[in-house]
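Which chain is which? The protein sequence lines are A and B, in order. Going by this note's numbering, 24 is the number at position 24 of the first sequence; the sequence numbering is gapless. Position in the second sequence (first residue = 1) + 193 = this note's numbering.
One should not assume that every hint holds.
[Claimed, not checked] Under the rule of at most 30 Å between Cα atoms (straight-line distance), these lysine-lysine pairs were calculated in the DSSO-like manner:
1. A:K126 to B:K283
2. B:K271 to A:K126
3. A:K53 to B:K534
4. A:K89 to B:K514
5. A:K53 to A:K12
6. B:K537 to B:K318
7. B:K283 to A:K147
8. A:K147 to B:K537
9. A:K10 to B:K537
[Said to hold, decoys possible] Covered by chain A, according to a simulated footprint, are these stretches of chain B (three or more residues, beta-carbon under 8 Å):
10. 276 to 282
11. 422 to 436
12. 444 to 450
13. 455 to 462
14. 552 to 561
15. 568 to 575
No lab work stands behind these hints: they were computed from the structure. Note that beta-carbon positions come from the ideal geometry of N, C-alpha and C, so glycine has one too.
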Amino acid sequence: MLDELCQEIKLKFPASQAVLHNPPENVGSPSIEIEAKSLREVALYLRDDCKYKFSVLQVISGVDYLEYFEVCYMLANFDLARSYEFILKVKVSDRVNPVLDSVADIWPAANWQERECFDMLGIEFKGHPDLRRILCPEDWQGFPLRKDYVAAKYYNGMQVYPDHKMNLEERSFIINSKSKQEELQKQSLAKGL
Amino acid sequence: MTHDKHEGKHDHDHDDHDKHDDHHHEEVAEVEDYPKDAKEESLKSELLTLNMGPQHPATHGVLRIEIKTDSEIVSEAKPYIGYLHRCMEKHTESLDYRGIIPFVDRLDYLAAMNMEVGYALTVEKMLGTEVPARATYIRTLVSELQRIASHLVAFGTYALDLGAFTPFLYAFDQREKILRFFEEISGARLLYNYVWIGGVWNDVTDTQLDFLRDFIEDFEKELDEYHTLVTSNSIFRDRTANVAVIDLKTCLAYGATGPVLRGAGHRWDLRKVQPYLNYNELEFDVPVGGDNPEVGGMVGDCLNRYYVRMREMRESLKIIKQLLLKFPSGPIMGKVSKIIKLPKGEIYMRTECPRGELGFHIVSQGGKEPYRIKVKSPCFTHVSILPVVGPGLMIADFVAAVGSIDIVLGEVDR
Numbered sequence: 001m002l003d004e005l006c007q008e009i010k011l012k013f014p015a016s017q018a019v020l021h022n023p024p025e026n027v028g029s030p031s032i033e034i035e036a037k038s039l040r041e042v043a044l045y046l047r048d049d050c051k052y053k054f055s056v057l058q059v060i061s062g063v064d065y066l067e068y069f070e071v072c073y074m075l076a077n078f079d080l081a082r083s084y085e086f087i088l089k090v091k092v093s094d095r096v097n098p099v100l101d102s103v104a105d106i107w108p109a110a111n112w113q114e115r116e117c118f119d120m121l122g123i124e125f126k127g128h129p130d131l132r133r134i135l136c137p138e139d140w141q142g143f144p145l146r147k148d149y150v151a152a153k154y155y156n157g158m159q160v161y162p163d164h165k166m167n168l169e170e171r172s173f174i175i176n177s178k179s180k181q182e183e184l185q186k187q188s189l190a191k192g193l
Numbered sequence: 194m195t196h197d198k199h200e201g202k203h204d205h206d207h208d209d210h211d212k213h214d215d216h217h218h219e220e221v222a223e224v225e226d227y228p229k230d231a232k233e234e235s236l237k238s239e240l241l242t243l244n245m246g247p248q249h250p251a252t253h254g255v256l257r258i259e260i261k262t263d264s265e266i267v268s269e270a271k272p273y274i275g276y277l278h279r280c281m282e283k284h285t286e287s288l289d290y291r292g293i294i295p296f297v298d299r300l301d302y303l304a305a306m307n308m309e310v311g312y313a314l315t316v317e318k319m320l321g322t323e324v325p326a327r328a329t330y331i332r333t334l335v336s337e338l339q340r341i342a343s344h345l346v347a348f349g350t351y352a353l354d355l356g357a358f359t360p361f362l363y364a365f366d367q368r369e370k371i372l373r374f375f376e377e378i379s380g381a382r383l384l385y386n387y388v389w390i391g392g393v394w395n396d397v398t399d400t401q402l403d404f405l406r407d408f409i410e411d412f413e414k415e416l417d418e419y420h421t422l423v424t425s426n427s428i429f430r431d432r433t434a435n436v437a438v439i440d441l442k443t444c445l446a447y448g449a450t451g452p453v454l455r456g457a458g459h460r461w462d463l464r465k466v467q468p469y470l471n472y473n474e475l476e477f478d479v480p481v482g483g484d485n486p487e488v489g490g491m492v493g494d495c496l497n498r499y500y501v502r503m504r505e506m507r508e509s510l511k512i513i514k515q516l517l518l519k520f521p522s523g524p525i526m527g528k529v530s531k532i533i534k535l536p537k538g539e540i541y542m543r544t545e546c547p548r549g550e551l552g553f554h555i556v557s558q559g560g561k562e563p564y565r566i567k568v569k570s571p572c573f574t575h576v577s578i579l580p581v582v583g584p585g586l587m588i589a590d591f592v593a594a595v596g597s598i599d600i601v602l603g604e605v606d607r
């Protein structure tokens with residue numbers, strides 16, 4: 001079904017350069033990748049004109065791949081007789097100033113999902129009615145889900161990431177070396193724990 | 194004494210006025226400076242901004258809704274979330290796949306078992322692990338029990354929102370029994386870490402299953418009592434019927450799922466549409482709003498959403514009964530390597546939780562830690578509908594609307 005859909009998108013919108021990514025060895029979910037500039041017209045086509053009528057946008061998931069961002073739109077139609085779902089992917093290659101067209105007027109669900117994507121990854125959605133941070137405070141610096149994000153030590157003059165509470169070595173889940181494990185045990189015994 | 198003094202003063206004033214009776218009208222005009230040609234349109238009026246939350250019993254957690262009210266009518270509702278944001282998605286990037294399960298628990302803390310099952314199934318699907326039949330049965334059993342427990346909280350707190358205190362106690366009394374069963378099998382009452390990748394952590398004994406059989410018998414009668422106590426109560430019906438209608442179109446546009454979507458009359462349940470676990474072997478109905486004309490109200494209103502939940506509890510009981518009839522024996526853990534490494538790629542999978550569809554988008558680069566996990570939370574979607582539902586409702590009805598959507602902020606903020 002996705003082969004057919006991908007061909008259709010390619011025919012209707014040659015600029016979209018739709019590519020179908022089938023998961024290797026059938027492990028995982030298939031996806032269709034399109035160019036960012038034709039996102040809106042493809043989205044409108046998928047919602048209204050294509051025969052599957054993807055009326056539901058479930059979630060927008062942004063992933064940071066260091067060289068580029070990838071924004072995944074999980075689309076579905078809640079049709080009882082024949083339900084389909086797939087992932088529509090868009091690459092945003094500009095890391096410094098990432099901009100993407102908003103689809104908030106096509107699927108109202110995108111309103112909050114795009115806000116979260118903006119909050120976490122800093123992707124600006126052009127044409128969004130109310131692009132504000134949603135989970136972090138409005139004056140938060142940086143975008144937490146970027147891979148190069150360093151947790152701030154201070155927020156509004158308050159220490160939020162104190163070193164003595166963040167001894168990651170002691171808290172690491174897998175302690176590889178045995179001598180280190182014994183050392184830690186000794187330490188905790190000495191503390192009377 | 195003060196009273197006397199006041200009265201004395203008043204009398205004195207009165208005398209004064211009597212003396213200068215001729216000037217009385219002039220004085221009033223001077224003091225109040227009231228425009229003589231004042232009409233209703235020229236008077237200055239503005240909307241009253243009201244903060245509902247972040248600490249408010251009707252918001253079911255730390256949710257703040259900024260309401261603009263025109264007298265008693267809500268004209269704008271703006272939810273602010275993030276008070277419970279614990280950076281779960283960021284944390285998962287530095288944890289191994291097993292270590293994530295306790296974090297997943299804390300998403301929807303009222304339905305932790307469903308969260309675990311959803312996560313474990315997603316990872317297993319990627320790994321290609323085969324889960325033993327007994328483990329699958331136990332998973333279905335705990336998911337359905339958790340669904341009942343979660344709906345009981347929804348039922349109890351909803352009645353509490355609308356001013357009835359007793360149903361809350363009834364609901365928690367029954368929920369306690371389910372929590373006791375969970376405590377027996379997992380050691381914890383709220384956040385279990387019970388469903389592991391490959392199976393479940395601990396086996397269920399026959400005595401524990403017998404305890405469940407007793408519980409089911411009791412609970413069926415108890416459910417009837419809830420309907421007598423609450424559903425047929427005329428005050429409750431007046432407060433919920435035809436209030437805060439979310440129609441099917443809005444539901445689909447905003448991606449609502451679960452009882453909200455089913456309350457709007459769409460028979461969409463992932464357990465039926467895309468069966469996972471062993472739901473395809475089990476017989477149960479999917480209750481939707483409007484399929485029982487005796488309920489009354491309008492399709493998609495608060496009453497129908499509430500009633501869908503109440504009927505889902507009965508369906509869950511039906512499922513548990515069938516499970517208990519043919520509980521298979523055997524191992525409870527499948528073969529999983531000591532260090533779990535997902536193959537390179539990504540997956541998006543969703544399961545039906547008490548509040549709607551929970552989806553996990555896991556991106557793996559082949560390492561022992563995920564590259565990215567994105568959680569599709571049903572409540573996040575449902576809170577985003579509030580600005581559409583709110584306008585036009587009375588403030589008290591808005592409380593009823595928020596309660597009928599049944600949100601858990603742990604899952605909204607993640």
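Now for the hints, and whether the structure bears them out:
1. A:K126 to B:K283: holds (26 Å)
2. B:K271 to A:K126: Cα-Cα ~22 Å, so holds.
3. A:K53 to B:K534: violated (36 Å)
4. A:K89 to B:K514: Violated - the C-alpha atoms of K514 of chain B and K89 of chain A are around 43 Å apart, more than 30 Å.
5. A:K53 to A:K12: This hinted pair holds, its Cα atoms lying about 16 Å apart.
6. B:K537 to B:K318: holds (13 Å)
7. B:K283 to A:K147: It holds: about 10 Å lies between the C-alpha atoms, which stays within 30 Å.
8. A:K147 to B:K537: With a Cα-Cα distance of about 18 Å, the restraint between K147 of chain A and K537 of chain B holds, given a limit of 30 Å.
9. A:K10 to B:K537: The given pair, whose Cα atoms are some 27 Å apart, holds under the 30 Å limit.
10. 276 to 282: holds (count 3)
11. 422 to 436: Violated - the stretch 422 to 436 of chain B has 0 residues with a Cβ nearer than 8 Å to chain A, which falls short of three.
12. 444 to 450: holds (count 4)
13. 455 to 462: The restraint on the stretch 455 to 462 of chain B holds, since 3 of its residues have a Cβ under 8 Å from chain A and three suffice.
14. 552 to 561: Held - the stretch 552 to 561 of chain B has 3 residues with a Cβ nearer than 8 Å to chain A, which meets the minimum of three.
15. 568 to 575: holds (count 3)
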